[in-house]
Structure formats: C-alpha cells, structure tokens
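**Student:** Below are the chains, spelled out letter by letter.
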Amino acid sequence: GAVVSQHPSRVICKSGTSVKIECRSLDFQATTMFWYRQFPKKSLMLMATSNEGSKATYEQGVEKDKFLINHASLTLSTLTVTSAHPEDSSFYICSALTRGVSYNEQFFGPGTRLTVL
Amino acid sequence: KQEVTQIPAALSVPEGENLVLNCSFTDSAIYNLQWFRQDPGKGLTSLLLIQSSQREQTSGRLNASLDKSSGRSTLYIAASQPGDSATYLCAVGTYKYIFGTGTRLKVLA
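First to last, the protein sequences are chains E and H.
Here the first sequence is numbered in our numbering, starting from 1 and rising by one per residue.
Here the second sequence is numbered in our numbering, starting from 1001 and rising by one per residue.
In case anyone wonders, no lab produced these hints; they're calculated from the structure.
One thing to keep in mind: the hints can contain errors.
[As the list claims (entries may be wrong)] In silico DSS-like links for lysine-lysine, alpha-carbon gap of 25 Å or less:
1. E/41 with H/1106
2. E/66 with E/41
3. E/66 with H/1096
4. E/66 with H/1106
5. H/1096 with E/41
6. E/55 with E/14
7. E/55 with H/1106
8. H/1001 with E/20
9. E/42 with E/64
10. E/42 with H/1106
11. H/1068 with E/55
12. E/20 with H/1096
13. H/1068 with H/1001
14. E/41 with H/1042
15. H/1001 with E/42
[What the hints assert, rightly or not] Sample of chain H residues with no beta-carbon within 10 Å of chain E, all distances over it, derived:
16. 1020
17. 1067
18. 1072
19. 1083
20. 1100
21. 1102
Values in this document were obtained by computation on a predicted structure and should not be read as measured data.
Backbone N, C-alpha and C define an ideal beta-carbon position, used for all residues, glycine too.
One chain only, chain E, in its complex shape:
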C-alpha cells in the first residue's frame, strides 16, 4: 500500500513556541491530505482538510490561526502549531487521500506526539 510519513515522530517544546509537523506521501501524489488530533484514550478528531494549492478547510471549533496548514506540493502538507500551550499537547496524525475511478482511500501517517511544557 501507499506510504505516508510524518516528521518529527515526537517533539517537546516550551510554551509559547511554534512547532511544525510535516506529512509526506512517499510514493504517490495527494491533492488532499487530512490532519487529525487524538487526546489520550480518545478517538481521532478531524481538524482540517488540506488542499494542494488552496486554503485548508477547518472543522468547526478548530482555530485556523492556531493551527496553520500549508499544502505547497502534491506530496507535502505541514501543520504548524503556533504559540503552543500545554493544552495543545496531543497526538497528531495526518492522512493522504488517493482517488480511483469509483473509490477513494486514505493512507495514514505514523503520528507525531507533541508535548508542550
């Protein structure tokens, strides 16, 4: 199957700093990628849809100025957590969408664990 990578896998930062997380589709092009967030012992929550060459679409309740998404190429989307605070600590997972004639499928990255001190 298709491979999606995330970098870094784990990051610890001080409160007030910004953190950038990269999501790459390694062997296919993805015009659409998704960013999810997972709190401890909870399920995944869709944060935003990242579209190559256009603005991201954010889900209700997600602050677009806090979570900046850039999808500058067909294989890379980045999520920047600006002015991070301890409540932003979470597991962030991205996925990349492939589309066929009559189907679509998401491939998921391994996740990035963010800890804000």
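Given the coordinates of chain E, work out where chain H should sit on it, guided by the hints.
**Tutor:** Quick look at chain H alone, frame taken from chain E:
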C-alpha cells in the same frame, strides 16, 4: 452531522474466543468504512476497507461486514489471540473520515 458509535467500549475475553465488535453510524451516505487497530502510543494500522458497493471484506481471521441501510458494520475476529489486544477503531466517510469512539480489546492468555 455524522456520528459514529462503537460498542462495546471495552472487552476482555479469554484466548481462542470468537468475538464481534460493532460500529454504528447515523448518516448512510458514505463511500467507505474502514477498520483500524491502534496499539498504545502508536499510529493506526489499517485492517479492512469496505467500499460502499461492498458488503464485506475478509483478511485472515478478520471479517468485516457493512449494512449501509441500517448504518452498521461488524468486525468479526476468529480465534482471538493475546496479540490481538489493542484499540479497534472504525471510520466512515465520503472523502473525509469520522472516527468511532473505539473498542479497547484485551485478550487474556
């Protein structure tokens, strides 16, 4: 708004038992339903993907069925093993996914 619920929330069974995990969703206008497992502190491992035109998919000891009209899917695990212990998530959607609440499975040796 799509809501996805998984029952039971947690399950503990002895090794060798066959078991069924349930996933229900409120909006039947979906393209895909996908089952994942997640080990503690790890990412998602895709188990089975069922497209809307399909009724079931099988892989090894796993079988997943989909009934769009009733908004339900089941994941059947045959002859469970301790290595099956994990959280199982279902996800439904058109091009973007809504994840279920998860079932935490523990298989006792």
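**Student:** Hey, residue 41 of chain E versus residue 1042 of chain H, does the alpha-carbon distance stay inside 25 Å?
**Tutor:** holds (12 Å)
**Student:** Please verify whether residue 55 of chain E and residue 1106 of chain H have alpha carbons no more than 25 Å apart.
**Tutor:** violated (42 Å)
**Student:** If you draw a straight line from the CA of residue 66 of chain E to the CA of residue 41 of chain E, is it 25 Å or shorter?
**Tutor:** holds (23 Å)
**Student:** Can you confirm whether the C-alpha distance between residue 1001 of chain H and residue 20 of chain E stays at or below 25 Å?
**Tutor:** violated (31 Å)
**Student:** Far enough from chain E: is every CB of that chain over 10 Å from the CB of residue 1072 of chain H?
**Tutor:** Holds, because the least Cβ-Cβ distance between residue 1072 of chain H and chain E comes to about 18 Å, which exceeds 10 Å.
**Student:** Check the hint pairing residue 55 of chain E with residue 14 of chain E against an upper bound of 25 Å on the C-alpha distance.
**Tutor:** violated (28 Å)
**Student:** Please verify that the nearest CB of chain E lies beyond 10 Å from residue 1067 of chain H's CB.
**Tutor:** holds (19 Å)
**Student:** Within a Cα-Cα threshold of 25 Å, do residue 66 of chain E and residue 1096 of chain H meet the stated pairing?
**Tutor:** The hint holds at about 22 Å.
**Student:** Please confirm whether residue 1102 of chain H is truly not at the interface, meaning its C-beta sits more than 10 Å away from all C-beta atoms of chain E.
**Tutor:** violated (5 Å)
**Student:** Can the restraint linking residue 42 of chain E and residue 1106 of chain H be considered satisfied, given a maximum Cα separation of 25 Å?
**Tutor:** With a Cα-Cα distance of about 17 Å, the restraint between residue 42 of chain E and residue 1106 of chain H holds, given a limit of 25 Å.
**Student:** Against chain E, does residue 1083 of chain H hold up as non-interface, every C-beta pair farther apart than 10 Å?
**Tutor:** holds (19 Å)
**Student:** Would the pair residue 41 of chain E and residue 1106 of chain H pass a check requiring their Cα atoms to be no farther apart than 25 Å?
**Tutor:** Given pair residue 41 of chain E, residue 1106 of chain H holds - Cα atoms ~15 Å apart, limit 25 Å.
The structure fails hints 4, 6, 7, 8, 11, 20, 21 (numbered hints given earlier, in ascending order).
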